[in-house]
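Heads up: the sequence lines are chains A, B and C, in that order. Mapping the first sequence onto our numbering, position 318 (from 1) lands on 318, and the numbers just tick up by one. All you need for our numbering is the position in the second sequence, starting with 1, plus 433. All you need for our numbering is the position in the third sequence, starting with 1, plus 523.
Just so you know, these hints were derived from the structure itself, not from any lab. Where hints are given, some of them may not hold.
Said to hold, decoys possible - Here are the simulated lysine-lysine pairs, BS3-like style, with alpha carbons at most 27 Å apart:
1) C/622 <-> C/542
2) C/746 <-> C/898
3) A/72 <-> A/30
4) A/45 <-> A/57
5) C/622 <-> A/330
6) A/178 <-> A/239
7) A/294 <-> C/700
8) A/294 <-> C/736
9) A/73 <-> A/54
10) C/589 <-> C/622
11) A/72 <-> A/45
12) C/542 <-> C/589
13) A/203 <-> C/578
14) C/604 <-> A/294
15) C/992 <-> C/980
16) C/604 <-> A/330
17) A/367 <-> A/239
18) A/371 <-> A/401
19) C/736 <-> C/700
20) C/622 <-> A/343
21) C/604 <-> A/344
22) C/666 <-> A/293
23) C/746 <-> C/640
24) C/589 <-> C/700
25) C/715 <-> C/692
26) A/210 <-> A/239
27) A/330 <-> A/344
Said to hold, decoys possible - Sample of chain B residues with no beta-carbon within 10 Å of chain A, all distances over it, derived:
28) 437
29) 452
30) 457
31) 483
32) 493
33) 495
34) 507
35) 513
36) 514
Glycine is no exception: its CB is placed at the ideal position from the N, C-alpha and C atoms.
Here is what each chain is made of, one letter per residue.
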Amino acid sequence: MSEQEISFEPDDRYNAFLTTCRKAPHGHGKLAGIAVAVKDNISTKGIETTCASKILKGYIPPYDAHVVELLKKSGAAIVGKTNMDEFGMGTTTENSAFGPTLNPCDTGRVPGGSSGGSAAAIAAGMVRMALGTDTGGSIRCPAAFCGIVGLKPTYGRVSRYGLIAYANSLEQIGPMGKTVTDVSTLMGVIAGHDRSDSTSHNKPYTHTPKAGIKGLKIGIPQEYFGTGVDPAVAAVVNKAIGRLEELGATTVLCSIPSMEYALAAYYVTCTCEASSNLARFDGVRYGPAADTKKSWHEAFRDVRRAGFGTEVRRRIMLGTYALSSGYYGKYYAKAQIARENVKKDFARIFAEVDVIAGPTMPTIAFKLGEKSDPLSMYLSDILTVPVNLAGIPAISVPCGKAHGMPVGLQIMGQPWEDERVIDVAYTYEQAVS
Amino acid sequence: MATEQEVRHIAGLADVGINTEELARFTHQFNAILDYFDILDRVSGDTAVTRDRYNVMREDEIEPSLPQEEVLRNAAATEDGFIKAPRVME
Amino acid sequence: MTEDGVIVGLEVHCQLDTKSKLFCGCSTDYRNDAPNTHVCPVCLGLPGAMPVLNKRSIEYAMRVAKALNCSVLPESEFSRKNYFYPDLDKAYQITQYDKPLAEGGYLEIESDEGGEKRIRITRIHVEEDPGRLVHRGTTERGKYSLVDYNRAGIPLIEIVSEPDMRSPKEARKFLNKLRATLEYLSVFDSEKEGSLRVDANISIKGSERVEVKNISSYKGVEKALLFEITRQKSLLRRGQKVDRETRHYLEARGVTQSSRSKEQEHDYRYFPEPDLRPLHVQSWVDGIVLPELPDARRERFIAQYGCSLNHARTLTGELRLANFFEKVVAADPQGLSTLADTWIADTLIGELNYRTMSIDAVDPAGFTELLTLLKQCIITDNSGIEVLRVMLDQHKDNQSCETPTAIVDRLQVRKVSFDTAQSGIEGNPDIDPLRTSITEVLMEHPAAVEDFRNGKKGAFNFLIGHLMKKTRGCADPAELNRLLTEELEKKEA
Chain A
1 MSEQEISFEP DDRYNAFLTT CRKAPHGHGK LAGIAVAVKD NISTKGIETT
51 CASKILKGYI PPYDAHVVEL LKKSGAAIVG KTNMDEFGMG TTTENSAFGP
101 TLNPCDTGRV PGGSSGGSAA AIAAGMVRMA LGTDTGGSIR CPAAFCGIVG
151 LKPTYGRVSR YGLIAYANSL EQIGPMGKTV TDVSTLMGVI AGHDRSDSTS
201 HNKPYTHTPK AGIKGLKIGI PQEYFGTGVD PAVAAVVNKA IGRLEELGAT
251 TVLCSIPSME YALAAYYVTC TCEASSNLAR FDGVRYGPAA DTKKSWHEAF
301 RDVRRAGFGT EVRRRIMLGT YALSSGYYGK YYAKAQIARE NVKKDFARIF
351 AEVDVIAGPT MPTIAFKLGE KSDPLSMYLS DILTVPVNLA GIPAISVPCG
401 KAHGMPVGLQ IMGQPWEDER VIDVAYTYEQ AVS
Chain B
434 MATEQEVRHI AGLADVGINT EELARFTHQF NAILDYFDIL DRVSGDTAVT
484 RDRYNVMRED EIEPSLPQEE VLRNAAATED GFIKAPRVME
Chain C
524 MTEDGVIVGL EVHCQLDTKS KLFCGCSTDY RNDAPNTHVC PVCLGLPGAM
574 PVLNKRSIEY AMRVAKALNC SVLPESEFSR KNYFYPDLDK AYQITQYDKP
624 LAEGGYLEIE SDEGGEKRIR ITRIHVEEDP GRLVHRGTTE RGKYSLVDYN
674 RAGIPLIEIV SEPDMRSPKE ARKFLNKLRA TLEYLSVFDS EKEGSLRVDA
724 NISIKGSERV EVKNISSYKG VEKALLFEIT RQKSLLRRGQ KVDRETRHYL
774 EARGVTQSSR SKEQEHDYRY FPEPDLRPLH VQSWVDGIVL PELPDARRER
824 FIAQYGCSLN HARTLTGELR LANFFEKVVA ADPQGLSTLA DTWIADTLIG
874 ELNYRTMSID AVDPAGFTEL LTLLKQCIIT DNSGIEVLRV MLDQHKDNQS
924 CETPTAIVDR LQVRKVSFDT AQSGIEGNPD IDPLRTSITE VLMEHPAAVE
974 DFRNGKKGAF NFLIGHLMKK TRGCADPAEL NRLLTEELEK KEA
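Excised from the complex, chain A in its bound form (with noise of 0.2 Å):
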């Protein structure tokens, strides 16, 4: 099979990229010399991968992700790896140990994290394609803040073979494209069962975006249009639940009281976790090197110390304090009943309805350290994280603008139902084109 490839020299003025590939071989296939970037927590074999963070500067992964594997398959050709916040950490790539991405759209302003190079890189039209990750929100709050469109699979439906876990029962590889059929297309080529992955399910996607909603029912939750949304945001968005509404829909309102602590819940679940994904970085496997000299446990504080930027190691130790001797109860075994009454609010509203629609984000995109306090920041993601509690796919349409930035409109679907998520952004997409 020759290889060929296509050459690949972006003005990256906005920092979307860490590595860029300036000539990228490709195959054939459906993606065939199409160039795709992927996030820089996604493994690529020979190519250096990140994170975005010191302590896996000079990393080259030996593997492919499984993701990156298919994509190769399918003839793509990858272009090279975006920034994002360090270890998937945050909501504005600020937390990049390599400076932040700056939104297309407005270069004083964050594009959104934790995969805002990949929705950079797409909003400045340097890729068409790109694979981000979202583990309460990393994928659809920078297609929201750039403008762009996103869709968080459900959980087990793309292989995390591959991914450097941040939140392993949370996480998510996925689509992130100028289009819903970009969006679609590449989520055709990623989805599937991999035997690496034991969270894994056997549920290809090989769905061509249709448009048509007519009887479809939109549940409406009070809570996503509540005190901590803007305003302006919240009639962006209003207004093309109205457009929904003209091509057929219905709208129901409905309630999820389990949103009160759902981000308490997110939070607890999402550091515990990191807290061990990330004990393995200790400079003697790969890395800034571990000083030998000194005794194991000095070596390993040393070069963590200097390789984790503050909010990483901020979140370490928080699920390091909810792991430990006595808390467990408290905090990590509470957050999983508290996932389970966030799961069973979703199953009960989607007795009644087929999607549940709201805004992805509370705010347009911040301007850069503008959210010093990691609190606030936390609180950012109140729209997103339930999803990913949940493991429901859901999607970020772009659908206008408030005090000029894009706003995004958040799609919610019923587990395994990402073709219809498609099929309702798709459907709007359409009709306001």
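We have chain A; now place chains B and C onto it with these hints.
Below, chains B and C alone, put in the same frame as chain A:
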């Protein structure tokens, strides 16, 4: 709530290291977040968590391992095919 | 003899004999290979790699659970045990914590007072082995460690006993019985170096419990316990307290030493492994067919081969030994069993231990031939031992191995007897080699003959000794005795 001493202890358990300059501010932010987590105390429900599947296993078959050079490639220090690590107290 | 107030519990870790590792497809046959050559992203703990459970490891562990009369839990799951150590590449070990595979069983051993005793099993679970550390450097500042991850991810079964043992001897018996049972189940190979490791918990009644970790030989367990008991008792005798602590057994010096560093932080922050799914395998138990286990085989050896209880215990105490015995007697069980059980249990094992050789080194057919020669009185017992030693040494030194018959002929140790025709040897019936030897010895040692006549006790044995030398051990001692006595009486007359 966590004291500065406890925060230091946790940083030790997690081997992340915390500078004395950071300690006060870190502890303050840490506690604000822990405060927020207290909302979980109000959560009630069954402790049993439903899982989507059980018995996910593979057959006992040998698959190729990585060549030794690949295993050692990213390590900063190696010797005679081993990876060098800081000394361990005996 | 049961020591007063001694309470012992054991945690035994055995490597399960699967082809591939617990969570990946790397081959488990790493012992003769270069470091870091049986490693993949999963067992190296590379970022992004994920575990997939080896079904056979669970099947094997369930066999053990059934054989030890344990109850398999309706739901069991894997958990992460988090701690930092260079040999633990993910900085957590995937193990089982609050939902192990099985709980509550027992293993019967011979108690110190005689009779059977049940040692209760608390739990059985499956976990992965960490890598292996090698230490280098001599000066304090110059020391460093080298890591080989070939062993990382090998499946382990952990069997935890209740503190039901009352002496180091009982602990050894428990360990031997457990080892034998695991071998009979074909889930474990005890000959593989490092395949079994033991942590022991000892206390003297009324005092704190001490944990001794990482004992890696069977003998080591008994020695470590003996040392600990002595240490603890001497502390108590001096009016001092025994500290609750963790100690390490130092094989070379036969002592236990207080540990620091690794075990400082006991906060393992267990939580369920999110990359694996729980097990519902209770329904598999009925389908497990257990092979004949050591106790049943022992009873069968007594009934079928007429072995004594002690010999049967010894022979069935190791799978390979039991198999060897049955192969050896297969051609003629009636005729060979009695000889075989004594010769294997009392002689062969000793000779093998002396040469640190495995029973696998002995060809059953060759041993059968040797026993046949003995049965047919072609050679004496002493010669039999001599021939056996030659057989073993030839194998050990990698020389070409002769058959027992060939050795007998080469060394000229065919039995010399009064009635050569009776013993079935072709030879000149006119020559009476024994009587000739006796006559010669009596002539060579007239003083001893004189002493004998005067009632000196040692004289007879003195003469026998010389006779044995002259006949190069080829004469039957009982016959020699009889004939010498006859000859001496003749002379007197």
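Flag every earlier hint the structure violates by its number, smallest first. 2, 7, 9, 21, 29, 31, 34
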